[in-house]
Amino acid sequence: MMRDRWRTVVTICFIAALFVPVVRDGDGVPFSSYSMYASPRSPEIAFIVAIGQDVDGDDVVLSPRTIAATADPLIVESYLRREVEGGRVATLCATIARRVVDTRVGAIQIRSDRLHVVDRVLGQSPPIKSELLASCPVP
Amino acid sequence: MSTVVSRFEMWLHQPAPPERLAAMRIAVGSFVTLYMAFNVREFDRLAARSSEGFAPIGLARVLDAPLSAAAIWVLFAALVLGGAAFTLGIAARVSGPAFATLVLFWTSYHSSWGQLLHFEHLFTLHVMILALAPTAEAWAPGAPDSMEPSARFGWPLRLLAIATAVTYVLSGIAKLRNSGWAWFDAETLATHIGYSATRMETIGSRQPPLAGAVLENQWAIPAMAAAALMIELGAPLALTTPRLRNIWVTAAVVFHAATAATMHVFFGYQGLAVAMLPLFAIERVPEYVRDNLARFHHRTVGPT
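If you read the protein sequences in the order shown, they are chains Z and S. Residue numbering for the first sequence follows the numbering used here, beginning at 1 and increasing consecutively. Residue numbering for the second sequence follows the numbering used here, beginning at 1001 and increasing consecutively.
Derived by calculation from the structure, the hints in this document are not laboratory data. Hints should not be assumed to be uniformly reliable.
Said to hold, decoys possible - The following label-pair restraints were derived from C-beta to C-beta distances:
id, chain 1, residue 1, chain 2, residue 2, range
1, Z, G123, S, L1272, 32 to 38 angstroms
2, S, Q1014, Z, D102, 37 to 43 angstroms
3, Z, D102, S, N1217, 18 to 24 angstroms
4, S, A1091, Z, I12, 54 to 60 angstroms
5, S, A1258, Z, S42, 22 to 28 angstroms
6, S, L1210, Z, D54, 50 to 56 angstroms
7, Z, V60, S, A1055, 48 to 54 angstroms
8, S, A1213, Z, M1, 29 to 35 angstroms
9, S, R1049, Z, V9, 40 to 46 angstroms
10, Z, I12, S, A1213, 23 to 29 angstroms
11, Z, S42, S, A1055, 41 to 47 angstroms
Unchecked claim - Which residues of chain Z face chain S? A partial, calculated answer using Cβ under 10 angstroms:
id, residue
12, R24
13, Y34
14, S35
15, I45
16, D72
17, Q109
18, K129
19, E131
The structure presented is a predicted model; accordingly, all values stated were derived computationally and were not measured. Here a beta-carbon is modelled for each residue, glycine too, at the ideal position from N, C-alpha and C.
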């Protein structure tokens, strides 16, 4: 009986701990508010894009592993954003350039492309605005 | 109110056979160990990272600087070996807590680079619960020949089930809190789907297969948004009756398949229903498979 009562108390404390991130409006590991995709956002979003350039100056799509040495799109995106926000865009460009194995690619561009995400999916609409952040040759 | 409380306590302390908890140890231990092994490239990626962008959270806060490459590979080896030991029930009183600590450390470290990786949170919680539970009283070296069902084995299973249900509820609460009524607006979910698909395109990955189809039929999105919220907030219903449990688990698995197909977002632990196993008598699976194999053999080969 005493043991059962102890288990009930521990269970209630555990449930309370699970709700702490909600009460404190924070996020962490392993207790989280799980607020993924929970907030509305504007359909016009600026993406940090790492793109290859061939000898004619045409875009060549790079793979996630070339860009960030991972297949996880969340990690690729956050890596690009963090390096640009941290002022390390030139280093980022050079790091990506060193990973390129596609012989068509002669240079790397890091750009900020502002896209309407729904129109982009439906009709491949071009960027609303594009800003070149860095450019570097492939060694 | 006292009836609700006493029914909750009866449910919480319901006895379970030690084999059921042992089966959870094997299922969760296998998933997490294989997950670590198959994600060896993540260890490789972080082993090569500079300290730029390192923002430690959780258990990784003990670090002033990122781990060296050697330390990362030691951690990887410890996770795989520790996970194997835990899964097999070897020295469970040591391997359980050790594995849980390693998993918590890795998932904290993995999320310490500016992006919280929520898909690792629930299995971390489950490993932590199992680490402190008597998971090696069956199906483990040195386990007793047989033990009676007991709340000792049932209660940890309830905690696992509660963790699963509450994490879904929290996700639903986050949507209501952050979006409010806008969550039911076609534009909110359409933007999320469009964002995921465009992100995949910009990093050279394939777009989710159903993103375009859903965005071409945005009239269906409010119903999809409502369904997602119902599944998340309705998760505690899975703890009540077998029928509701089966309905909810089916809906949740379909939900995860849909998010994978529309947004390339797939929480493997939930989508493959490992997170839902605490709701079932999974110790009966080997017997079920054996009986059906015998029946199949009898039908095809005939009586001997």
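Hint by hint, here is what the structure shows:
1. G123 of chain Z and L1272 of chain S have their C-beta atoms about 35 angstroms apart, which keeps the hinted 32 to 38 angstroms range intact.
2. Range check, Q1014 of chain S to D102 of chain Z: about 59 angstroms between beta-carbon atoms, so the 37 to 43 angstroms window is missed.
3. Judged by the Cβ atoms, the range 18 to 24 angstroms given for D102 of chain Z and N1217 of chain S is violated: they are separated by roughly 36 angstroms.
4. Under the hint 54 to 60 angstroms, the C-beta atoms of A1091 of chain S and I12 of chain Z, about 32 angstroms apart, miss the expected range.
5. Checking the proposed 22 to 28 angstroms range against A1258 of chain S and S42 of chain Z shows it holds: the Cβ atoms sit about 24 angstroms from each other.
6. Checked against the given bound of 50 to 56 angstroms, the beta carbons of L1210 of chain S and D54 of chain Z, roughly 32 angstroms apart, lie outside it.
7. V60 of chain Z and A1055 of chain S have their C-beta atoms about 33 angstroms apart, which leaves the hinted 48 to 54 angstroms range violated.
8. For A1213 of chain S and M1 of chain Z, the Cβ-Cβ distance of about 58 angstroms falls outside the hinted range of 29 to 35 angstroms, so the restraint is violated.
9. Our hint of 40 to 46 angstroms for R1049 of chain S and V9 of chain Z holds, since their Cβ atoms are close to 43 angstroms apart.
10. Separation of I12 of chain Z from A1213 of chain S is about 45 angstroms and departs from the stated range, judged on CB atoms against 23 to 29 angstroms.
11. Distance hint check: the CB atoms of S42 of chain Z and A1055 of chain S are about 26 angstroms apart, inconsistent with the given range 41 to 47 angstroms.
12. Taking 10 angstroms as the C-beta contact cut-off toward chain S, the hint placing R24 of chain Z at the interface is violated, the least distance being around 13 angstroms.
13. Below 10 angstroms, beta-carbon pairs count as interface contacts, and Y34 of chain Z has one with chain S at about 4 angstroms; its hint therefore holds.
14. Of the supplied interface hints, the one on S35 of chain Z holds, with its beta-carbon coming within about 4 angstroms of a beta-carbon of chain S, less than 10 angstroms.
15. Below 10 angstroms, beta-carbon pairs count as interface contacts, and I45 of chain Z has one with chain S at about 6 angstroms; its hint therefore holds.
16. Annotation: interface hint on D72 of chain Z holds; nearest CB of chain S at approximately 8 angstroms, less than 10 angstroms.
17. Proximity of Q109 of chain Z to chain S is violated relative to the hint, the smallest CB-CB distance being about 12 angstroms (cut-off 10 angstroms).
18. Using the Cβ-Cβ criterion of 10 angstroms, the hint placing K129 of chain Z at the interface with chain S is not satisfied: the shortest such distance is roughly 14 angstroms.
19. At its closest, the beta carbon of E131 of chain Z sits 14 angstroms from a beta carbon of chain S; the interface hint therefore is violated under the 10 angstroms criterion.
The structure fails to meet hints 2, 3, 4, 6, 7, 8, 10, 11, 12, 17, 18, 19 from the earlier list, while all remaining hints are met.
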